[in-house]
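Engineer: The lines below spell out each chain.
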Amino acid sequence: MTGWCERQRNILDVALASLRRRRGKNLSLLVVYSLTVFLGASVMFYSAGLKREARLLLSAAPELVVQRLSAGRHDLIPVAYAEGIRTIRGVGTVAPRLWGYYYDAVYGANYTVQVPTLPPPAGEIVIGPGIARLRKVAAGDLLPFLSYRREDLLLQVREILPAESELVSTDLLLLAEADFRALFSFPSGVATDLTVTVRNPQEVATVARKIVERFPDTRPILREEMQATYAAVFDWRGGLLLVLFGVVLLAFIIFAWDKAAGLSAEERREIGILKGIGWETGDILTLKFWEGTSISLTAFLLGTLLAYVHVFLLQAPLLAATLKGWAVLYPDFRLVSRIDAFQLTVLFVLTVIPYTVATLVPSWRAATIDPDSVMRD
Amino acid sequence: MIRLVEVRKIFNAGRPNAHAALDGVTLTIRRSAVTVLKGPSGSGKTTLLSLIGCMARPTSGRIHLHGLDTDWLAPGEESLEITSLPERFLTGIRRRAFGFVFQQFHLVRGLSALDNVMLPALPTGASRAAIAARGMALLERFRVAGRAGNLVEHLSGGEAQRVAIARALINDPAVIIADEPTAHLDSRLSAEFMEIIATLRSEGRTVVIASHDPLVYAAPGVDAVVVVRDGRIGESGSGRTP
Chain A
0 MTGWCERQRN
10 ILDVALASLR
20 RRRGKNLSLL
30 VVYSLTVFLG
40 ASVMFYSAGL
50 KREARLLLSA
60 APELVVQRLS
70 AGRHDLIPVA
80 YAEGIRTIRG
90 VGTVAPRLWG
100 YYYDAVYGAN
110 YTVQVPTLPP
120 PAGEIVIGPG
130 IARLRKVAAG
140 DLLPFLSYRR
150 EDLLLQVREI
160 LPAESELVST
170 DLLLLAEADF
180 RALFSFPSGV
190 ATDLTVTVRN
200 PQEVATVARK
210 IVERFPDTRP
220 ILREEMQATY
230 AAVFDWRGGL
240 LLVLFGVVLL
250 AFIIFAWDKA
260 AGLSAEERRE
270 IGILKGIGWE
280 TGDILTLKFW
290 EGTSISLTAF
300 LLGTLLAYVH
310 VFLLQAPLLA
320 ATLKGWAVLY
330 PDFRLVSRID
340 AFQLTVLFVL
350 TVIPYTVATL
360 VPSWRAATID
370 PDSVMRD
Chain B
0 MIRLVEVRKI
10 FNAGRPNAHA
20 ALDGVTLTIR
30 RSAVTVLKGP
40 SGSGKTTLLS
50 LIGCMARPTS
60 GRIHLHGLDT
70 DWLAPGEESL
80 EITSLPERFL
90 TGIRRRAFGF
100 VFQQFHLVRG
110 LSALDNVMLP
120 ALPTGASRAA
130 IAARGMALLE
140 RFRVAGRAGN
150 LVEHLSGGEA
160 QRVAIARALI
170 NDPAVIIADE
180 PTAHLDSRLS
190 AEFMEIIATL
200 RSEGRTVVIA
210 SHDPLVYAAP
220 GVDAVVVVRD
230 GRIGESGSGR
240 TP
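Here the protein sequences line up with chains A and B, keeping their order.
Just so you know, we're using numbering that gives the first Met the number 0 here: the first sequence kicks off at 0 and counts up by one.
Just so you know, we're using numbering that gives the first Met the number 0 here: the second sequence kicks off at 0 and counts up by one.
For the record, the hints were derived by calculation from the structure and aren't laboratory data.
Cβ atoms here follow ideal geometry from the backbone N, Cα and C, with glycine treated the same way.
Residues of chain A clear of chain B, computed beta-carbon distances all greater than 12 angstroms: (1) V31; (2) L57; (3) A59; (4) T205; (5) M225; (6) A231; (7) V242; (8) T292; (9) V345; (10) I352.
Computed footprint of chain A on chain B; a stretch qualifies when at least three of its residues, placed anywhere within it, have a C-beta under 8 angstroms from a C-beta of chain A: (11) 48-57; (12) 84-91; (13) 109-116; (14) 124-138.
If you want a taste of the chain A side facing chain B, the calculated C-beta under 7 angstroms gives, among others: (15) E5; (16) N9; (17) R20; (18) W278; (19) M374.
All chains, full assembly: derive it from the sequences and hints.
Structural biologist: Take a look at the structure:
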């Protein structure tokens with residue numbers, strides 16, 4: 000075993016020296032390889048990050064949301080509808096929700112304004128980290144808002160939400176019902192929509208049908224429908240970029256094949272010398288394996304690291320425009336950095352294995368050079 | 000002792016450009032002696048060397064290695080017939096039993112003198128430190144230890160020659176094979192090379208040299224000169240032994 004390890008170590012040393020000797024060729028290969036990994040990893044990290052955020056967002060969503068429609072458009076729903084819905088068999092709770100969007104003209108950002116189940120006292124607000132960053136405020140500071148009546152509304156920051164999932168919380172502004180109605184001149188007796196819980200999850204669709212029967216001007220939306228819509232949007236966008244990544248990967252494989260197949264006269268001569276002085280085909284294959292592995296692992300680590308910096312530290316400036324379609328609603332949010340082993344494994348399989356396969360045949364050809372070629376040279 | 004019996008080597012066999020590089024060579028190379036294969040370019044010397052050194056297999060005929068210290072000898076056998084061995088075994092024998100000094104020395108550019116000397120021993124599984132110590136000892140023996148860390152392309156002709164010999168000796172082989180070793184050396188360096196060969200012989204090593212340089216085949220210390228012409232063995236004679 001020691002002998003085997005020593006042999007691998009010795010051949011690895013020769014492989015690294017060989018890579019150093021052909022610095023130009025190998026550096027260009029490393030750059031292209033790293034960029035391929037970077038692109039694949041960026042798409043993967045970013046779309047998985049967004050999906051994770053969306054999942055978190057929806058996990059807290061009610062099983063059923065009931066909106067009122069007026070001429071096919073969303074309208075405010077009378078709170079009195081809640082009483083009627085509550086009498087439907089199988090319904091657990093019905094709660095009116097007050098929420099909307101506040102456009103901050105000074106900063107050009109949209110906030111999601113909501114009255115939570117346990118609202119802060121009137122005159123106080125709880126804000127997401129994105130708003131805190133944008134407005135440069137901390138707990139205890141006063142924030143001015145302009146109401147729909149063109150009146151100033153001064154609200155004190157009670158708390159800033161933790162950054163556990165910024166997509167959910169970054170632009171969130173939680174306030175009391177009185178402040179909400181004052182800010183938007185929201186009439187009393189109506190809500191934005193109603194949330195409905197159903198005792199038996201199997202009966203959600205039946206309850207939804209009964210709601211429409213009793214209130215024909217409403218539209219119940221199931222949580223599964225929302226999840227499916229978000230997932231479809233992300234999968235479509237992510238899939239599109241993965242197809243592009245596939246094309247880049249193919250181009251890279253051709254590039255790698257070309258680089259590996261094009262053994263220079265100098266390389267052939269060196270392999271001939273090694274065979275001549277007693278290296279066997281297996282030794283040369285091991286040498287080529289270590290050369291390829293050194294490049295692969297370096298490119299994989301470099302590309303993954305760059306993608307991590309790009310996605311989680313720089314917020315993916317190269318991909319955000321394509322993948323983050325709802326940027327209007329979320330002007331600034333930061334993905335929480337998290338990478339799972341499965342993602343890394345998939346990326347490894349998608350990049351390292353094609354390279355290894357592409358360089359296998361040229362390596363074999365190099366390794367089977369006749370040992371007496373050095374004598375005939 | 001190395002014994003060749005009716006050895007033929009045909010390149011491109013079965014094609015219109017088939018060419019018999021060796022044609023029925025029967026030859027015995029004595030142990031612990033210096034044998035020079037003498038002949039003009041294209042006579043088959045190099046092909047003969049590559050067959051003796053287990054680098055290639057003959058098209059027909061047999062090659063026997065006697066007195067070889069190997070694990071591959073069956074109990075009770077004194078000689079090993081190498082022509083039918085698979086490549087792995089041939090390589091193993093080549094690595095352990097033979098050291099090669101090539102024409103133009105064929106050192107690997109971009110590596111230091113010491114790294115070049117160590118190359119043949121690296122796949123054997125010995126520790127790098129042990130191989131480096133052996134390599135340094137050989138470089139010291141041939142008075143090039145001071146150049147151990149220098150890239151081989153920066154060595155003089157004489158230094159490159161001694162590094163090449165050190166590389167041939169790193170696995171402590173019983174047989175040294177040298178192909179036109181003085182082709183690119185001046186007379187002084189050629190004489191120096193033959194002096195080193197004489198010391199190797201005095202250590203009990205067998206040396207086989209292919210050369211048409213009179214400074215080699217007429218040198219003192221050469222035990223036998225074998226004339227090769229058109230792929231056949233011509234008249235053979237003894238060298239001038241001091």
